[in-house]
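Following the hints, position chains E, D and X against chain Z.
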Amino acid sequence: MLLEVNDLRVSYHTDEGVVRAVDGITLSLDRRETLAVVGESGSGKSTLALAVIGLLPKTARVEGSIRFLDRELTTLREEEFRRLRGDRITIVFQEPMTALNPVFTIGRFMRDIYLTHREGSEEEALSLAREWLSKVKVPGPEKVLNSYPHELSGGMRQRVLIASSLMLEPDLVIMDEPTSALDVSVQAQILRLIAELKSQVDASFIFITHNLGVAAAVGDRVAVMYAGKVVETASKREIFSNPLHPYTKGLLKAVPKVSGGEVEPIPGTVPSLVNPPSGCRFHPRCPLADGRCAEEEPALTEVEPGHWVACHRVSGMGSGPGTGGE
Amino acid sequence: MSDLARYVIRRIILAIPTLLGVSVIVFLMIHMLPGDPAQLLAPPEATIQEVEMIRRRLGLDKPLWEQYIIFMGNALKGEFGKSLFTGHTVSELLWPAYLNTLTLSVLAMGFGLVIGVLMGIYAALRPNTVRDQAVTSLSLFGISMPVFWLGLILIEIFSVWLRLLPSGGSGTPKHLILPSLTLGLVGAAYVGRATRASMLEVLSQEYVRTARAYGLPDRLVIYVYALRNALIPVVTVAGLIFGYMMAGAVLTETVFSFPGLGRLIVNAIFARDYPIVQAGILVVATTFVAINTAVDILYAFINPRIRLG
Amino acid sequence: MLMELDPSTRRTLRRALRNRNIRVGGVIVAAFVLMGLLAPFIAPYDPTKGNLRDSLLPPCPKYPFGTDFAGRDILSRVIWGARTSLIVSTVSVFIAVVAGILVGGLSAYVGGWIDEVVTRIVDVMLSFPDILLALFVAAIVGPGLENVIVAVALYNFPQFVRIMRGSALQVKEMEYVEAARAIGESNASIFARYLLPNSLAPIVVHATLRTAASILTAAGLSFLGLGVQPPIPEWGQMMSDARTYLVTAPHVWVFPGIALFITVLGFNLLGDGLNDVLNPKMEV
Amino acid sequence: MNAKTLALAAVVIIVVVAAAVLFMAPKPTPVERKVLRVAMGTDIVTLDPHDVPDNPSIYVISNIYEGLVEYDDKLNIKPVLAEKWEISPDGKVYTFHLRKGVKFQDGTPFNAEAVKANFDRLFNNKELANRNRLVPFIDRVEVVDEYTVKIILKEPVATFLNLLCHPAGMMISPKAIKEGVDLKHHPVGTGPYKLKEWKPNTYIELEPNPNYWGGTPKLAGIKFLVVPEDEARVQMVESGDADVAIRVPAIDVQRLKQNPDLNVNVTRTIRIVYIGANMRSPRLQDKRVRQAISLAIDREAIVEKILHGVGRPAKSVLAEELIGFYDTGKLKYDPEKAKQLIKEAGAEGLQLNLWTPKGRYPGDYEAAQAIAQYLEAIGLKIKLRVWEWGSYVAELLKKPEDASPDRDLFLIGWAPSTGEYIGVFRPLFLSESIPKFNLWFYSNPKVDELIKKAEHAPRDKIVEYTKQIQEILLDDLPAIPIYNPGDVVVYKKGIKSLYYIPTEVILTKYAYFGSGG
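So the protein lines, in turn, are chains Z, E, D and X.
FYI, in the working numbering the residues of the first sequence are 1 to 326.
FYI, in the working numbering the residues of the second sequence are 1 to 309.
FYI, in the working numbering the residues of the third sequence are 1 to 284.
FYI, in the working numbering the residues of the fourth sequence are 1 to 517.
Isolated chain Z, as found in the complex:
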């Protein structure tokens, strides 16, 4: 296993109370595997990403364990963690418009990354950067190296960031909603690019998205998160053919379809993480909820090999009650 997350909990103390952004998550990732993490905003998926790359704010309290390359990341010294970041673990954020330093050229940025982690000359840095810019299909890599971020389009910037993440051939690349800030047409291009790159590099990916459709496009496995917890995890095919958790089903209905069918949003809103609902956190929005759901928290159980779900109403049977499947 490249990455093993075990009962990870991340909480913050705020004026309003303790926010439990991630509340007991366990998952693992193999080499060259892609895990898509899906959930609405506020479900804790970005916190999970930040916890793995060690960029949580200092005020965050982390419990549980994250093992990566046989090292325990939660207790790793900051300096050692820093050396991992950008080299072994990289991340591509959502907002390409603000993720690049406005006062430096792309070349300067990529050069700094290279020189931070590798012994080498500036020329070597720039030639590697040039090479990777070509790989992410940036037209005129030389010109881009000398450009400032504001001179590039959003899609172009995201390509630059992807190139920067892959340049040093990392083991794990986290993509935190890398396309959601982009125009729809650009989104598709970037998704295609990512899918293409996946086969070219020797890295594992964690792909974070709120869109199950996007998750389907890139993920080998999918983990669905709700209110700081994983509610269902299974292979891509399994999730789509046999979604068990009512939330997962809701998400599937909310995906815009190419055929143009009705989009049904899930009623209600994401609950507060300070005072989450008792029992199953989804029960206030769940069409199937009963009295037990409000009292007892369901555990994540393996209902089929590799298919885990946390729902009382699924209750260990092959298929959930009232499921029609798709």
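Check each hint, because a few of them may be wrong.
Pairs of lysine to any residue, SDA-like flavour, derived with a Cα cap of 20 Å [to be verified]:
id, chain 1, residue 1, chain 2, residue 2
1, E, Lys82, X, Val45
2, X, Lys196, E, Glu92
3, D, Lys49, X, Glu336
4, D, Lys172, D, Val118
5, Z, Lys58, Z, Arg9
6, Z, Lys58, E, Gln133
7, E, Lys82, X, Arg385
8, X, Lys383, D, Gln229
9, Z, Lys58, E, Asp218
10, D, Lys49, X, Val45
11, X, Lys398, E, Gln133
12, X, Lys257, E, Trp161
Which stretches of chain D does chain E cover? Using the computed rule of at least three CB atoms under 8 Å from a CB of chain E, they are [stated by the list, open to error]:
id, segment
13, 87 to 95
14, 109 to 123
15, 244 to 257
One-sided excerpt, in silico: chain X residues whose CB lies under 10 Å from chain D [said to hold, decoys possible]:
id, residue
16, Asp230
17, Glu231
18, Pro249
19, Gly359
20, Tyr365
21, Ile382
22, Val386
23, Leu397
24, Asp476
Keep in mind the hints are simulated off the structure, nothing from the lab.
Since the structure is predicted, the reported quantities are computational estimates derived from the model, not experimental observations.
Cβ coordinates follow ideal geometry from the N, Cα and C atoms, glycine included.
Using the frame of chain Z, we list chains E, D and X on its own:
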């Protein structure tokens, strides 16, 4: 770089109407001062005819617009006429005083920038800790401190108690220490506040997180990636403060009897010495506009986004 | 009282009361205002009458802050000085705010060449460093309480024009304003109902901070001899008078300086705090 | 070590020792000719002695120019460019015998023609500020021979020689006058020093005049430094950055006296600071109000507390040093009597304006505030106004019809730069001097007549008239004398022959550094 060149030229051209406006206001306001300079200049036993003669000699009988054109024409040549009372040319009085104030302000600014930026970074790196609160309070004290009172306190400490530094006058580098310290401390307070705020803002920016996410070391992230951005608003504040120092030095100059431009202007106001007041205010305001222009240009160097705008 | 306010106002109020800057600044400002208002009742002596034979006494039980060159009680003069500062700063900032709201708001609302001219004039006024502008005005209209108010108001004025104009321009484009105009609401009513309330937060914050600056500037003018005239007690002028006795009688300048410093600090704290609460995103 | 090395070493050692001995041997120390550095408060206005309006200019000018006669530090008259003189029995003709071998700094010889050229300049040039000091009294100037000149007066003037001590009587090179040299900036006199450089608002530096008739000057030069801040001037002398500080604050006297390296010279002046009373103000018509004001003021307290003992309470409109001074004994502190007078005059609660400049005279602004307190104490209401000097003078010099209706009481000082009584009575109290320095618009035919008589009286009869004048003036009180400020000069021990003339002039031209310093 042609973008930059175009920007610089445009910015300089933009300053011209402002300067014209400044010159008109300076010219007009001076004519609203009470007291008739011709009357003031004449010897006590002068007759009305003699006063008129003096008025003519000073050009005070011509229509206003004509006086303005003459005034501007001369000003562009750097000629501001003669002091009404000592007969020295205004330039003779103005430029040494200007140089003094400039020296004082530059020293104070240098001092203020170094201390202020360091203080600001120091505080911003650990927001809401004791050391941040200490810096924040200190800078708030600084901007609330009456500069003349601060001057008096420094005199009390360094001149009266310790007998280390002169309490006033000019001529040696020693005389510059207390006045520039006084001005510089106030400047440092403003710069410190601005740096802290801007640094905090920048440190919360995505690109700083990105830089960290790629494992760039803190030194690089803070002192290169963040600071370069954080300094952009600081430059504006510093420009404003520098302008403020050029003019606000009058209080410091009074406390330390430092022969600078501010004092020259105030004394000239008291003496109703028209040409000096006119030239002095014009020079300070021009400097102020020039500094603002320079700041904008500096901006363009630090911040590539501006060049297009 | 709190119950009658709408929830967002109540939330803001609660946040304000929790803010330490507002609490400390508020206490200082309140003390300053009270000192100014109650000066006749709390000052132990007449601030303008002293006994020359008692001149330059150091602090003692009879005169806790000592006496000045004319034998006047410095404590009483410091207390009365608060009243002078209070009048100068509040009146001048008030004038500047009202004039700034009217000129800035109308300029933005009317637009066109009027706006252009106003903006130009404001730009030119802002090219004078503020103390210089105040000094200049004070020199033209001469010294005296009223004239200091005019001078300080004039240097504050362009800043409020700019703020008001800025926020009015934003609000003007908003849908509800367009809607109001579409249903034929009068200009005055639009001005009063939409433009003004929306610009209020930055103006309140700025007015508080400008009050601090105005107190300093007025004191500076008096320090230069261009301000309030004696024997009216004024802190800056008291310090200016004290320069002769720098070595021999430091109590003469220390106490008014402390009063001035603390007052300005109070307004700055309050302004900072209000800024945190009212305009969380505004850069200062 | 061979012989050659040894010899070389010996030579080196001898040379080094010899050099060391030569260096350390006591050299004969000549009297040091140093530059005297004088810290003064304001820059000078002009270097033209006939046009000078201020004292600092005179400090500098008196090193460059000389007159026929000159005051010493006791206001005695001593010969300078005139060696001796005769006065005709009718007191109208003054015959001066000039010093021979004197040359102006431009090489022009000093002679009778030069004297005449200077008086002609005063006669012909109406813009000169000081022409009034001499011109009204002189009928004509005659050259008798190369070194004899006659000045014929219109009427006898007992103090004519005193008038000549004024800078208006100083001799400028006739060549410079004729060529229209800019005398304001390029002085040409006969004095021991000449101008080296005038850097406005910073310093004026003088260098020795090698051709001075009195021998080579004893200083390497004199540098007048402009240091406006009182404290700074004091500090400069204490720290050795200056040798002399002029107009030192009285409050520092006690402290400075304890410094063993300094001389503190508390001097007397002939200046009187008055509270002027506008005789045309409807509020001051009643003489009893003016008398009450005078009685309400504790002059002793003002001198003690505000002047810190540097000065004296005024006893009359004239300072005690002046010829013609007479103490009427009327200037007393009697607040009870003052209150009574106010009551009699029905002036209780009368609102009066009191104007003052600030920093023009020692203690002016402070005294005005103290006086306001005293006047309020006898039941008057005082509104104080502090003026800047420029507009103050302009306002006070206005014609009565143009004068501000607010002009009631105003603080003003007067020191006759001629050093005698005419310089007080004529400009301040003569009816003709309205609207000039008769700032109180005082017009009394009796006083006019007495002043003219006093001017032309023989020297031994002067006091007869001046006594009557002072009796009247101290009863009418158009100008209420308050105090006679002193002046403080601080200089390094070892400086000799630095004189202070009570006309508020520091005389540096004789000064030198003695062995002690």
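Now for the hints, and whether the structure bears them out:
| no. | hint | in the structure |
| --- | --- | --- |
| 1 | E:Lys82 / X:Val45 | 13 Å, holds |
| 2 | X:Lys196 / E:Glu92 | 17 Å, holds |
| 3 | D:Lys49 / X:Glu336 | 18 Å, holds |
| 4 | D:Lys172 / D:Val118 | 18 Å, holds |
| 5 | Z:Lys58 / Z:Arg9 | 15 Å, holds |
| 6 | Z:Lys58 / E:Gln133 | 18 Å, holds |
| 7 | E:Lys82 / X:Arg385 | 31 Å, violated |
| 8 | X:Lys383 / D:Gln229 | 10 Å, holds |
| 9 | Z:Lys58 / E:Asp218 | 15 Å, holds |
| 10 | D:Lys49 / X:Val45 | 39 Å, violated |
| 11 | X:Lys398 / E:Gln133 | 60 Å, violated |
| 12 | X:Lys257 / E:Trp161 | 19 Å, holds |
| 13 | 87 to 95 | violated (count 0) |
| 14 | 109 to 123 | holds (count 3) |
| 15 | 244 to 257 | holds (count 5) |
| 16 | Asp230 | 7 Å, holds |
| 17 | Glu231 | 6 Å, holds |
| 18 | Pro249 | 6 Å, holds |
| 19 | Gly359 | 9 Å, holds |
| 20 | Tyr365 | 8 Å, holds |
| 21 | Ile382 | 9 Å, holds |
| 22 | Val386 | 6 Å, holds |
| 23 | Leu397 | 18 Å, violated |
| 24 | Asp476 | 27 Å, violated |
Of the numbered hints listed earlier, those contradicted by the structure are 7, 10, 11, 13, 23 and 24.
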